[in-house]
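All chains should be modelled from the sequences, with the hints used to inform the complete structure.
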Amino acid sequence: MKDIVELLSTLGYPVIRQGSLISSDEYPEEFFTYWNFETPEGRFYDNEANKAEWGYWVYFYSTNIDRTYSVLEEARQLLKQNGFICTGKGEDVASDKPTHTGRMLTVYYIENY
Amino acid sequence: MAKKRKTGVEIVGLDELIESLERFGEDVSKVADKALIQTKEYINQNLISAMNSSRFDFDSRSGNTRKSLDQDKRTEHGDGQVSILAGYDIANGGIASIMLMYGTPTITPDRKLYAAVFGAKTKKEVAEIQGEVFQNALREVELK
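Residue numbers (this note's numbering), protein chains in the order written: chain R, 1 to 113; chain B, 114 to 257.
Hint data in this document are derived by calculation from the structure and do not stem from the laboratory.
Zero decoy hints are in this set.
If you anchor each label on the Cβ, the simulated ranges turn out as follows:
#, chain 1, residue 1, chain 2, residue 2, range
1, R, I85, B, G191, 25 to 35 Å
2, R, Q81, B, S167, 29 to 39 Å
3, R, N50, B, L198, 30 to 40 Å
4, B, G191, R, E91, 16 to 26 Å
5, B, R252, R, S9, 49 to 59 Å
6, B, D185, R, D96, 24 to 34 Å
7, R, V5, B, K143, 49 to 59 Å
8, R, T87, B, R224, 14 to 24 Å
9, B, R252, R, A49, 29 to 39 Å
10, R, P98, B, N165, 29 to 39 Å
Restricting the straight-line Cα-Cα distance to at most 16 Å, the calculated cross-link-like pairs of lysine to aspartate or glutamate (EDC-like) are:
#, chain 1, residue 1, chain 2, residue 2
11, B, K153, B, D183
12, R, K80, R, E111
13, R, K80, R, D3
14, B, K225, B, D170
15, B, K234, R, E41
16, B, K225, R, E38
17, R, K51, R, E41
18, B, K186, B, E154
19, B, K237, R, E41
20, B, K236, R, E38
21, B, K234, R, E38
22, B, K147, B, E253
23, B, K153, B, D185
Far from chain R by the CB rule (all over 12 Å, computed), these chain B residues:
#, residue
24, I124
25, I161
26, N165
27, S175
28, D183
29, Q184
30, G193
31, A204
32, A240
33, G244
34, E245
35, Q248
36, N249
37, L251
In this text, a Cβ means the ideal position worked out from N, Cα and C, and glycines have one as well.
Given below as structure tokens:
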């Protein structure tokens, strides 16, 4: 089972859970956030599941709009190389600070057991 | 910024249902319209429930997000496909729904709001609703 936080950390930016900053906090200049939005089980046999599909949203925020595209693409390639399935090349998301823009990916990891 | 996300469902046996309806001379596009309108009503009800039980107060300030829930029942036909817009009208007060569904660095995503439209249970229910509309249409034709 690949740890998405460990993987994203190798890119050299802070990686924090979406929503864990306090509104009065200073944002880091550039950072990732993540959220595990679903993990349904499947491939049932004899009442036991044999796989789980981990669904994550991976977000990148930056003070430089170009880097929200380039660094998120780096993350997308890294995740793909490590077995994650990426649905698309990302989309814009809201940032609650006017200094930062953000983009996000939806990715899945299939865990077989 | 507008955000549209398409979602579809797989209905087992739908092709056969459509073929049967066409053999009876039925206007399948009207059946599809009915299926989509019922889908939209179901999703809107899901969103209302999600807003009512959310930790966010959708009625504070202007209440724009709640008011922006799209009620238009018009469907769009083209290229052999039928579609309907469901959810919030982003251009008219619904933009906060994106922040709440996907969160921000200081706001955790609202799981119920997301699941109301895109969740696995919602997709399953939508497939059942649409399948039932087509099956009922065929039953009505067969009884004529």
